[in-house]
Structures are given as C-alpha cells and as structure tokens.
Amino acid sequence: MRQKTAAGLFAGLLGFALMSFPLAVLGQISPQAGEAAKKEGEVMLYGAVPVRISKPLGDLFEKKYGIKLKHWRGDATELINRALTETRAGQNYFDVILGNEGVMASIDEQGLLGVFAPPAARGFPTQFRQPEQRMTPWRVLPYGINFNTQLLRPDTAPKTWEALLDPKWKKAFAMSHPGIHVTTLQFVLSLEKLLGAKWLAVVEGWAKQGPRLERSLAQVAQVLVTGEVPVAISYIKDKFQHAGPIDYVRMNRYLASVSFVGINSKAPHPNAARLFADFFLGPDAQRIFGDMGEYVINPEVEHRFKKDVKDNQIVVMRLPTKEELDSWSKKFRELFG
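Under my numbering, the sequence shown has 520 at position 88, and the numbering climbs by one with no breaks.
By construction, these hints were calculated from the structure, which means they are not laboratory data.
Some hints here could point you the wrong way.
Only pairs whose alpha carbons sit at most 25 Å apart, straight line, appear in this in silico DSS-like list of lysine-lysine [to be verified]:
no. : residue 1 : residue 2
1   : K603      : K698
2   : K630      : K602
3   : K630      : K600
4   : K470      : K495
5   : K754      : K625
6   : K602      : K762
7   : K502      : K470
8   : K487      : K500
9   : K762      : K603
10  : K640      : K763
11  : K500      : K471
12  : K495      : K471
13  : K487      : K754
14  : K502      : K487
15  : K738      : K591
16  : K496      : K471
17  : K739      : K698
18  : K602      : K591
19  : K591      : K630
20  : K763      : K630
21  : K471      : K502
Required output: the full structure, derived from the provided sequences and hints.
Below you can see the structure in the form of structure tokens.
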C-alpha cells in the first residue's frame with residue numbers, strides 16, 4: 433500500500449499500470465530487450481543531475497548502446513510538478529526519473545512508477561531497498577557536522593549534535609532553515625532516531641544559539657568555505673564537492689536521505705527505460721558519481737567515504753507525512769524566526 437505523503441497535495445489517484453517487458457536473464461537485460469531498446473533510439477531522463485555529470489553519462493550510454501540520452505533537469509518541486517502536470521494532460525514524456533524518497537513517493541502515489549528489479553542492483557544493501565520494487569536506491573546523502581579546516585582543527589570541532597549547544601558555538605554555525613528547506617526539516621524530525629526523546633530539546637537549543645540560517649544547502653557550504661562561520665550542518669559530501677577548506681566530523685552514525693531511480697509505468701520508450709536504469713545502476717555509471725564525491729551504494733564501486741563511513745553507520749531519515757510537513761514547518765519558522 434502506498435503511504436500518504438506530501439504527495440497528498442496533488443489530487444486524483446491515477447490507475448497503476450504494471451510494465452510488461454522481456455525478463456532479464458543471467459543477471460543482465462535480455463538480448464531481446466536490448467535490441468528493442470536500440471530500435472526506440474532514445475531515452476528521456478528527468479532528474480537534478482548537473483550537466484557536468486549527465487553529459488559524460490549520456491556519452492557513455494550512447495557509446496555502449498547507440499541510444500541517445502535526453503535530460504531535463506529540475507529540483508524536487510519542479511520534478512513533481514512537471515511529471516504530474518504532463519500526466520494530467522495525458523502526456524508521458526519521461527522514461528526514467530531520479531529523486532529522493534519524497535519526490536518518488538509523490539510520483540508513485542499517482543501510479544507513475546512501474547515495477548522493475550534492475551539486474552545491476554541485485555547486490556545492493558538491503559537496508560536501502562524498497563520491497564515494492566518501484567524505485568531502486570543508488571546513493572545516500574549523509575548529514576553531518578562540517579567545519580572549516582582553516583578555522584578549526586578536527587579535535588576542536590563539535591563532535592556531536594548536542595555539542596552545538598555549547599555557548600562557544602553561539603552564532604558560530606550555519607544550517608538551512610528547517611521551516612523552509614524540506615530536506616533539513618526531514619533531517620531535524622529524524623533526529624529522534626539518534627537522540628530519542630530529547631531530540632526536540634536539542635533542536636530548540638540550536639534555535640537559541642542563533643545559527644546562521646540559509647535557504648539552501650549550497651548556501652550553507654558557501655558561507656562555510658568563505659569562513660563566515662566555522663561550523664555547518666549539511667551534507668558531508670561538501671568536503672569533496674566544494675572547493676575550499678571543508679572537512680566533516682567523523683561520527684558513529686549519520687542520518688541520511690536516499691536517492692532513487694524509477695521508470696515510468698507508461699514510458700514512451702519502455703525498453704530503453706529499462707536498459708538505461710540498469711546501466712545507471714551499474715558500475716560504469718556509478719563510478720562517475722563516486723569520483724564526484726557521491727556516496728554510491730553499488731558494492732563494486734569505490735567512493736571517497738568508504739575509508740571511514742560504512743553502510744551500517746547510515747540511518748535512513750523517515751519520510752514525513754503532508755500533515756507533519758505543514759505543522760512542523762510552521763513550528764520551526766516560529767522557533768528559528
């Protein structure tokens with residue numbers, strides 16, 4: 433059963449259509465499906481992947497299969513709005529879509545994701561998998577405490593979420609506003625998984641510390657790099673993706689959101705959709721992301737976190753309901769100002 437999520441903002445449940453394709457054999461997409469995909473000639477990807485990644489990804493896919501990758505880029509809200517607007521108009525443009533659990537749940541609730549078990553994902557960690565097989569995980573995005581290495585040494589940075597309540601960090605750390613930024617709201621609500629009943633007291637304590645509040649995680653990384661604050665709450669991948677003196681505190685456990693790939697239940701290029709999704713999850717494509725500092729979960733692929741962050745240290749954030757998003761975002765806007 434599909435969970436009621438923020439997708440409840442969009443009315444009208446569409447009928448679910450199960451995709452019918454040739455089965456995968458011997459751990460690979462069947463030759464028949466591969467040939468059918470080539471005849472379709474192209475595949476349309478919707479996702480927030482930047483051009484610097486989608487271009488080499490598309491070039492590699494086209495070189496291997498002779499199929500052109502088209503890509504439309506948008507943020508979470510834009511992805512949901514575009515996909516659902518097209519569907520209401522009786523149009524199906526995307527074949528494959530990338531998004532976090534909130535995006536994918538919103539789209540899945542409208543019956544837009546087809547069942548697919550990519551052969552390339554058979555060895556992926558089960559802790560990140562979705563049993564319904566309408567979306568497949570490909571990376572996790574751990575939140576942590578980042579610090580400017582020109583302003584702090586590793587031994588002087590705050591080591592825990594409670595440590596940020598120390599008076600010395602008053603007005604000395606940045607974060608995205610949890611009343612505005614949905615992923616940060618999800619992170620804050622998920623702190624209960626790590627801190628238990630005291631999670632809200634800790635968050636209220638952060639608010640009293642007067643942190644620098646930004647509208648996006650990119651802005652948080654920027655003020656950390658420039659030294660406007662010595663500490664930030666953000667993705668730990670900022671160490672690898674933002675030029676500047678950033679490192680992250682090594683913690684016992686990390687809250688993380690999960691990114692998924694899914695295929696349209698009414699894909700205009702159904703065989704190419706399956707082929708690309710499987711390719712996307714395979715080692716060749718995932719190495720592109722791993723080299724860019726993403727925590728990819730394909731066990732065959734090295735990434736820059738493997739040395740000191742393990743899968744069993746990752747605690748997946750919970751997905752708030754629409755009612756929780758509404759009520760808590762209002763509360764945190766009042767709390768943080």
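Hint by hint, where does the structure go against what was stated? Just the numbers, ascending. 1, 13, 17
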